[in-house]
Amino acid sequence: MHFFNQKTMALLEVVHLSKSFPGGTEALKDVSFLVGEGEFLVISGKNGSGKSVLMRHLNGLYKPDEGKVLYRGTPIFKDILMVRQKIGMVFQNSSSQIVSQTVGKDVAFGPENLHINAVEQNKRTNKALEDVGLLDKIDHNTRTLSGGEKRRLAIAGILAMNPEIIILDEPFSNLDFPGVQQVLRQILFLHKKGHTIICITHELDKVLYHADRLILMDKGSIVCDNIPGKILIKAPQYGIRIPGNIEKEPPLLILERMSWLK
Amino acid sequence: MAEIDLFHYSPVPSPLKNLDPRIKFSLLLLYTVLIYQVHTWGLVLLTAIATILFFSGKPSLKHLLFRGKGILILGILIYFATYGAEKNTITALLSVLRFVTTVLLGMCLISTTLPEEIEKAVYWFLKPLPFISASVIATRIRLTFMFIPDLMETAEKIKEARISRCIQRERNPFKKMTTLIIPLLSSVIERAEVTAFAMEARCYTDKKHYTLKHLTLKDYAAAAVGLGAAGLSILL
Numbered sequence: 001m002h003f004f005n006q007k008t009m010a011l012l013e014v015v016h017l018s019k020s021f022p023g024g025t026e027a028l029k030d031v032s033f034l035v036g037e038g039e040f041l042v043i044s045g046k047n048g049s050g051k052s053v054l055m056r057h058l059n060g061l062y063k064p065d066e067g068k069v070l071y072r073g074t075p076i077f078k079d080i081l082m083v084r085q086k087i088g089m090v091f092q093n094s095s096s097q098i099v100s101q102t103v104g105k106d107v108a109f110g111p112e113n114l115h116i117n118a119v120e121q122n123k124r125t126n127k128a129l130e131d132v133g134l135l136d137k138i139d140h141n142t143r144t145l146s147g148g149e150k151r152r153l154a155i156a157g158i159l160a161m162n163p164e165i166i167i168l169d170e171p172f173s174n175l176d177f178p179g180v181q182q183v184l185r186q187i188l189f190l191h192k193k194g195h196t197i198i199c200i201t202h203e204l205d206k207v208l209y210h211a212d213r214l215i216l217m218d219k220g221s222i223v224c225d226n227i228p229g230k231i232l233i234k235a236p237q238y239g240i241r242i243p244g245n246i247e248k249e250p251p252l253l254i255l256e257r258m259s260w261l262k
Numbered sequence: 001m002a003e004i005d006l007f008h009y010s011p012v013p014s015p016l017k018n019l020d021p022r023i024k025f026s027l028l029l030l031y032t033v034l035i036y037q038v039h040t041w042g043l044v045l046l047t048a049i050a051t052i053l054f055f056s057g058k059p060s061l062k063h064l065l066f067r068g069k070g071i072l073i074l075g076i077l078i079y080f081a082t083y084g085a086e087k088n089t090i091t092a093l094l095s096v097l098r099f100v101t102t103v104l105l106g107m108c109l110i111s112t113t114l115p116e117e118i119e120k121a122v123y124w125f126l127k128p129l130p131f132i133s134a135s136v137i138a139t140r141i142r143l144t145f146m147f148i149p150d151l152m153e154t155a156e157k158i159k160e161a162r163i164s165r166c167i168q169r170e171r172n173p174f175k176k177m178t179t180l181i182i183p184l185l186s187s188v189i190e191r192a193e194v195t196a197f198a199m200e201a202r203c204y205t206d207k208k209h210y211t212l213k214h215l216t217l218k219d220y221a222a223a224a225v226g227l228g229a230a231g232l233s234i235l236l
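So the sequences go chain by chain: V and F. First residue of the first sequence: 1, per the working numbering; consecutive thereafter. First residue of the second sequence: 1, per the working numbering; consecutive thereafter.
Worth double-checking, as some hints may not be accurate.
[Unchecked claim] DSSO-like, lysine-lysine: derived pairs with alpha carbons at most 30 Å apart:
(1) V:K63 to F:K208
(2) F:K69 to F:K175
(3) F:K213 to V:K127
(4) F:K207 to V:K127
[Stated by the list, open to error] Partial pick of chain V residues on the chain F-facing surface, computed with a CB cut under 10 Å:
(5) R56
(6) S96
(7) T102
(8) F109
(9) H140
(10) M161
Hints were generated in silico from the structure; no laboratory data involved. Model, not experiment: these values are computed from the prediction. Think of the CB as a built atom: it goes at the ideal place given N, C-alpha and C, for glycine as much as any other residue.
Required output: the full structure, derived from the provided sequences and hints.
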């Protein structure tokens, strides 16, 4: 397992991030953490804990009220288009992020926006689809894909932009068992290829075994940040279900069960 | 898995499929205007053309029956509305024919043209106009073409949910309508928000660069045939 050495330069730095919405809801309260290169980070918390709001800050979709996000030491808003290429984002509802009628065209949407030439666009599209195992469906209508395939298509759309970091918001929601396995395999493949993975989920039992680090959020703040085995015991008190009895079983034994590929 | 509906791009080969979207779009606009201007035989000719083109795309019979119901109901409404105003059966039937032909032509365009191609064609038409953000309008039209069928699907799901909760017993038509419209609107807004975020996250800006193919001999020939048929419909 790799655990980010905070002495080396961080790929992504979140510094004292705060965000409130009209009406006074404090979505994020002084959130700070670092993400290292090649790390597999899981951010978890119950509904309304601020996970998705945090995710939208990492790609510059939301501007914080206070604090900043740095990518390789530079504030993300200095060159937001470059940052959006490097920090890819897969949203919870895959159907809503599909903007084209065919699989190939949808993957090419990002490279098209970057004004990359057609030959390179095709190359990137084919490679991304090959990586997610959907190359044979390049001409298929996106509506005919299953839930797991749609999510993999969303990942391919991000891969075509050559990102370093891939952020996945609730990647397993609304998926059946084979769908979860497909997506999980995909995430592990990307991590193995060297991508930094930030997986935002409350379904820890599906993925935590593979993670290097776990951040628990509650009411817009980070309440724990450490390797999974050390803070797993605290998960239930923040409303996150774990597959086992934390009072009777050792955390590492429970952690062993936390993968739907096992 | 969703099936391909009539209001979606269909992978089935069709003579219209390889035509340049600008030609298809121009002819659609021209025919739509003509449908409401030509005399009876001209209208019959346009309806025949629309019907042949529509069926050349081999539409799914199941979806045809399903969507046909809605079109039939609208057709009946148009018939009675026109008959009520004009008191003439032929005029009322012609109004229905005009409506059906318009729908068929629209479905021909949608089922044979990718929304991205429609976007490019719209951009090409709007680009010369001053004070208009051609790329923004073109993108909006593309997304509309993309999401209208999904909205219809969402509306169907909401309808089913209402039926399962005995909406038939509700006598207040206003309440009946709001229980459909409010969740539908909320779903549209939510979806639009996520789509906008997802597009932005993939570096979408309004300074988009479009590459359009050059028109081929086939495109010019199709335009000539289309214009010839349009001229004939005026003369008839």
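Measure nothing beyond the straight line between the CA atoms of F:K69 and F:K175; if it is 30 Å or shorter, mark the hint as holding. holds, 24 Å
Given the hint that V:K63 pairs with F:K208, test it: the Cα-Cα distance must not exceed 30 Å. At roughly 24 Å apart (the allowed maximum being 30 Å), F:K208 and V:K63 satisfy the hint.
Answer holds if the nearest beta-carbon of chain F is closer than 10 Å to that of V:T102; otherwise answer violated. holds, 7 Å
Restraint check, 10 Å cut-off on beta carbons, for V:R56 near chain F: holds, 7 Å
Pair hint outcome, F:K207 versus V:K127 [Cα-Cα no greater than 30 Å]: Given that 30 Å is the threshold and the Cα spacing comes to 26 Å, the pair holds.
Between F:K213 and V:K127, does the CA-CA distance stay at or below 30 Å? Between F:K213 and V:K127 the Cα gap is close to 25 Å, so the pair holds against 30 Å.
Classify the hint on V:M161 as holds or violated, based on whether any CB of chain F lies nearer than 10 Å to its CB. holds, 7 Å
Tell me if V:S96 is really an interface residue toward chain F, meaning its C-beta lies closer than 10 Å to one of theirs. Holds: closest Cβ of chain F sits about 4 Å from V:S96, inside 10 Å.
Mind checking the CB of V:F109 against every CB in chain F and telling me if the closest is under 10 Å? Nearest chain F Cβ about 6 Å off; hint holds.
Quick check on V:H140 please, does its C-beta sit within 10 Å of some C-beta on chain F? With a closest approach of 8 Å, the V:H140 hint holds.
The structure fails none of the hints (numbered hints given earlier).
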